[in-house]
Amino acid sequence: MSSSRQGLSVSSAPFVHVRESTASLVLLILICLLPSLAWSVFLFGWDVLAIVGLSAVSAVSAEAFLGFLRRRNTLLDGTALLTGLLIGFSMPPSVPLHIPILSSIFAIAVVKWSFGGLGANWMNPAMAGVVFAHINWPGALDAWKAPRFLTGVDGVSSVTPLGLLRSASEHAEGLPMDLLREAGYRISGLDKVVTARLNQGLLSGLGVRLPEGYVDLALGIRPGALGEMAGLFILLGSLLLIARRVVRWEIPASLALTFGVLVRIFGTGSEPLFSGDVLFAFFTGSFLLVAFFCATDPSTSPMSRPGLLLYGAGIGILIFLFRRYGSGPEGSAYAVIIMNCLVSLLDAALPAAGFRRRKAGSPEVGK
Amino acid sequence: MSVIRTFKYGGIEIPPQKLEIDSPVMTAFLPTDAILPLRQHSGPAARRIVEIGDSIREGQLVGKASGTGSSNIHSPIPGTVTGIRMLPDLLGGQVEALSISLEGSFDRLGRKVEIFPWKSLSRHQILRTLAEKGVVEDTGAGMPLYDHLHDPKGTRSACVLVVNCMESDPWNSSSRAILQERGEALREGIAILQKAAAPVRTLIAVDDPDSPFLAGDDRVNLAEDGLSAEAVLLEPRYPQDLPVLLREALNSKKHSGEEWIVLSIGTVVSVYDAVVLNRPQVERYVTVAGDAVKSPGILRARIGTSIGELLEECGGFRSAPECIVLNGPLRGSAVADLDYPILKTTKSVIALTSAETRRHRTTACLRCGRCVLACPVRLDPSRLYRCIVRRKISTAVSEGLGACTECGSCAYLCPARLPLVQAFTLARKGSVRTGSAGGRSA
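Chains as they are written, first to last, in our numbering: chain L, 1 to 367; chain H, 1 to 442.
It should be emphasised that the hints constitute simulated quantities derived from the structure, not laboratory data. Quantities reported herein were computed from a predicted structural model and do not represent experimental measurements. In this text, a Cβ means the ideal position worked out from N, Cα and C, and glycines have one as well. Please note that a few of the clues may not be correct.
Part of the chain L face toward chain H, derived, beta carbon under 8 Å [as the list claims (entries may be wrong)]:
#1 A13
#2 G117
#3 G119
#4 R248
#5 P298
#6 S344
Put together the whole structure using the sequences plus the hints.
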């Protein structure tokens, strides 16, 4: 044969492929995270780039080193970079730099590679890295500062709305926003202007009134972790990801629905039954980032539609439980890695292939 | 026709390709040296009945069918047998092939066409003619029509004849060309097949809403004596033309006892040529396309013409092809040798650039689930692949490996570029072995 002479490839069918590759899917996720990063830099200054950058660099370095040991170059798929970025995103703005570095290395070296790297992930490496940081440096991870924008000065230490609410609701009852206001939570001028505009315009026609404070939450003008600030950007990015089918819609849909319903019924703090503040719960903490970018990681979620729905619902229930009854204000990362560990069970119980479902019903089974 | 039918699960949408189907069909030059493998059908190779140095006429029998699945081979050109050599078979292994160099005069080309009044023929006479003229299904493995249609034990209670006028993939446009050029022959061919197979229903499956079969009524009149067929419109959705999915799309009950005979449009035209024009199957329509080809087109070419000659007639290469594929990029096979001939079953020659193949390095499975959603027979390709990689072939078999149609939808979509179909094919070849060896070890 003259394959070498004419330089033609003789692999096997199919010879054509869809445009998407592993790297291009990861790249699209990275692009969807960029607005949040830029916004975070705007809110907290250039330190953000140091934290996120170091986190990403250490994750990629760990991947490169382990890949070198295993003689596998897995850098180009971009998943290590994404893991590092997500860990950086979960850090508070004033975190000491060794924490993101060590967490990223732990995520890649221990969680990702101990079971064989991409494709064999038993839990989401980024979420495991975040949990690692929370367990080892609980103090450093609960030290927040307010955005420059809100105080006019840089580096004023502060408490997140969730943390503030937690302490406030210990000795008072009521809706989260009311409690926060009583506890001295600052609302930005921007929020006041935008809320007033919205109430006069769009919302007056609908007959609803938006209280002050929610625009701040949606835009991340509040103390919080780096990547979770702009809930609005996260939502827009995730819409793109769902539209391009990079993430399956089933997970965020069932997660948000379960969490929303539970919050509405039981509330997140001390409000009466059936009057929970869903909007507040969605836009505080890392809920949106976790629901749309971490829980949706396909390699640590089930394959079948019922499996995906159950998985999302499970995370929703756990996040609610951790937030309502847990000891720390933030439990999303724990919720994700707990459900990650159940994925193989979900996959076994709810096979993705219709063929197996049909077969399971029939007595005839191959030898 | 208001209903557009399609199969229930999976399938993929492939963006349309750039081939201009309105360009007229070109008649390819006759090959100066035809290469004629003696196996162009599903069964065993035909028995060679000529020797080196023999001079042969156009359309002369050179290989005699030997058993079920085998078919007669005729010479596409007049000339002299100059060589006999082994050629790789696309289905695996090697096959004997004749080289015939063009010489002498044509008995048929340029002569007046004689129309044979086939209506006086009996069913068996038609079948015998089809066997004699070496008519095989012109797609897939190339099952001889005689084997398709004859019913030796008389066990067939009822059969449904389906004429598949759909394109097998977006790279192919031969069906449309045949419809344009041979519309009358097609109608009459269907009528002949109705006589030969006596189907209870005849369906014409089309995927083009502008198809002439859909004009007016959904009954298509085939011949003046009242024979007719039903036209059904299907959504152009890959892999629409698989017989299993065609049945699903047309709502046939699986256990209705009806046997489905699905024939491609080109085959039906060959039936007409064999029965009415007394012509052996030595010619076919070939789509030459792909981004690497300068001016893609549809050619009417003699069997035995090399793919290199066809590519040259289409202006040669515009850019260096990464691979040249016969019979479509999703299910076909790559050839490395431009001297490889067109067979009775070669429907297309596609020269793909690297921009079209979009091959990447394989990464680990992302578990994205695209393959599961794409599988038309509802398998979980990622899971089967994992089983095969871990050498648990029997698990893969019990999870439906045998139902795989190797349509390539899963591997087309896989972002990790896992060689899914390749693994399934190898495992099935291997699982036959383990199946027989299983008894020994047990």
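Okay, the hints, checked on the actual structure:
no.: 1; hint: A13; in the structure: 5 Å, holds
no.: 2; hint: G117; in the structure: 6 Å, holds
no.: 3; hint: G119; in the structure: 3 Å, holds
no.: 4; hint: R248; in the structure: 7 Å, holds
no.: 5; hint: P298; in the structure: 4 Å, holds
no.: 6; hint: S344; in the structure: 11 Å, violated
Violation of the numbered hints given earlier is confined to hint 6; every other hint is satisfied by the structure.
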